[in-house]
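S.K.: As a plain string of letters, each chain reads:
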Amino acid sequence: MLSYFISYLIMASTYGIAALALNLQWGFTGLMNFGIGTFYFVGAYSSALLTTSHSPDYVGGFGLPFIVGLLGAIIISGILAYLLAFPALKLRGGFFAISMLAISETIRLIVKNEKWLTNGVWGIRGIPQPTRHLVGASWSEWVYLGIAGILLYIFYRMTEIGVRSPWGRVLNAVREDEKMAEMSGKDSWNIKMQSFVFGSMIMGAAGALYAHYMGFISPSSFTPLMATFIVWLMILLGGTGSNKGVVLGAFVVWGVWIGSEFLIDFLPSGITSKAGFVRMLLMGILLDVILLLRPQGLFGREKVISKLGGSSEE
Amino acid sequence: MADLFVNGIILGSIFTLGAIGVTLIADILNFFNFAHGDMLSFGAYLALFFVGVMPNWGTFPWLSFGPSMILAIIFAMGVTAAFALFFDRILFKPLRERGASELFLALSSLGVAFIFRSIIRLVWGPQAKYYGGLQMARRYPLGITIKPDEFFIVGTALFLVVAVYLFLKKTKIGKAMRASSDNKTLARVTGIKTEKVVIWTWIIAVSLTAAAGVLYGIEVQLRPIMGWNILIPIFVAVVVAGVGDLWGAMVGAMIIGVAQEMLTGLLQDMFNALDLDVLMTAYKPAIAFVLMVIVLLVRPQGIFGTGE
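The listed protein sequences derive, respectively, from chains A and B. Numbering (the numbering used here) for the first sequence: 1 to 314. Numbering (the numbering used here) for the second sequence: 1001 to 1308.
Quick caveat, the hints were computed from the structure, so don't treat them as lab data. Take these hints with a grain of salt, some might be off.
Going by beta-carbon spacing under 8 angstroms, a handful of chain A positions derived as facing chain B [to be verified]:
#	residue
1	K90
2	G94
3	G259
On a predicted model such as this, the values are computed, not experimentally measured, just so you know. Where is the CB? At the ideal position from N, CA and C, for every residue including glycine.
All chains, please: the whole structure from these sequences, using the hints.
M.R.: This is the structure in structure tokens:
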């Protein structure tokens, strides 16, 4: 039971990191990223290739330590996001969302088909969990929980400081009214690019964290449901625009997801085989119910009161 | 190459039916419907259900299916449209009335997409299904191979496109839809009932995509993910052509269909000649995406878009 709980906390923290990243892109900058899977894949595979021991089947592994893998995942995700920003950020609103979705499906095709790079559908096994060889499997979970928690805290602090800084106010300005921001002399493309790249780097870190926890990744590790959709659900439930809210949203949604697994045990055996689809159905319904009944989420965007007494709201 | 071109036209005619719906919804309801692909799958599976419960009336000469398939297409179009109207009533309409942004509506349609897909998986299971027997392709000059069913697919698609065109051109509600697409406020001022326009937009857009699903199911097979997989080429067809143009959507869809087939073939030949071990067919869906990027960089308003 305890090991279930630790596992829950680790995965929820990983999703919490992804939710912070999406909140930065969507909640603060208005970038509708429907392709979180892209950066999960890139982060997870970068770190896996850097840290696994050498394999004859694919490029790498280089057997480097976890921290190098994590940094590699962050840097490579950042570079990819920067390159993608040139075509993608010229697009607005729904067009941007479509292009992100298309990119993530393209990346999935590459991961699936370029066997020399990723070992194709067989995936990559034996991704090392840090300290496992030192402290043994059971204690290693605790250590990993510590690492995940610290990373969650670091990224939380970073995004908090970021969005409360003058930079964060420019992000908000671009989200609210891009033309107005440009008229005030802000380079809106550049601002959106920074937010997109920074968020994508954090998503890459979440991907790496997932890979080292699971020890195995494959093209089916990050489906549109589990990679992109569930993170959207988390930030909408928690409250777009509130960093505290979206982390809470991640813990709640992941709790519901895991909890529904227990409920399945009580169902008649005929339905259990279809239980995964029932959960998917519930997630879809939950998203639309939130959008309908409580679009601001549990927390909602904090009111920013200016010194002059005006306030900005949704 | 001629064979690949013909394949592209067949695929393009299926994309056309999807793209017209996406472009109508994007234009009149102002959002990209991410549930469109899963509505397409839903239509395909409804037809499977219908064909299953109908008595066996034999098959048409040449084709692999009989009269029950024609009725199945109509059934699928009607029922899928009814589902879409249900979602409009409980979800999109309240959001619209609250003044939700385009992105909010798109996001809620993503939720609807997952609802449709899980219903399909719950009712019909995740395995691939077929309407009926497999059909042998016939040979034609220039190395072209066509299955007789494929004449039916292209013919039905063309028939539906012409029907929608006439509907928009001749009927009162069709004219109202075109007026709303041009200028919603002006349309309302002149006494056009916006809600009625919304309902007809859903009916036309979704029944077309359901028909596309059945045709796609005849051409390949039925899988719960089938619609989601062709959602990207359908979107790309709309984006490439520019939102709101019926013929543009058709031309865009044909371009995407033909480009997917022919470019995969050409690039595969090229890689083979260079002795590179790349399997291009695996990247077919990515070609649509690359085309979209190129078009949007060169001409952001789309090929036929006027740009405002």
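S.K.: Measuring from the C-beta of G259 of chain A to each C-beta in chain B, is the shortest one below 8 angstroms?
M.R.: 18 angstroms, violated
S.K.: Hey, does the K90 of chain A contact hint survive, CB to chain B under 8 angstroms?
M.R.: Constraint on K90 of chain A satisfied, holds at 7 angstroms.
S.K.: With 8 angstroms as the cut and Cβ atoms as the points, is G94 of chain A at the interface with chain B?
M.R.: 4 angstroms, holds
Violation of the numbered hints given earlier is confined to hint 3; every other hint is satisfied by the structure.
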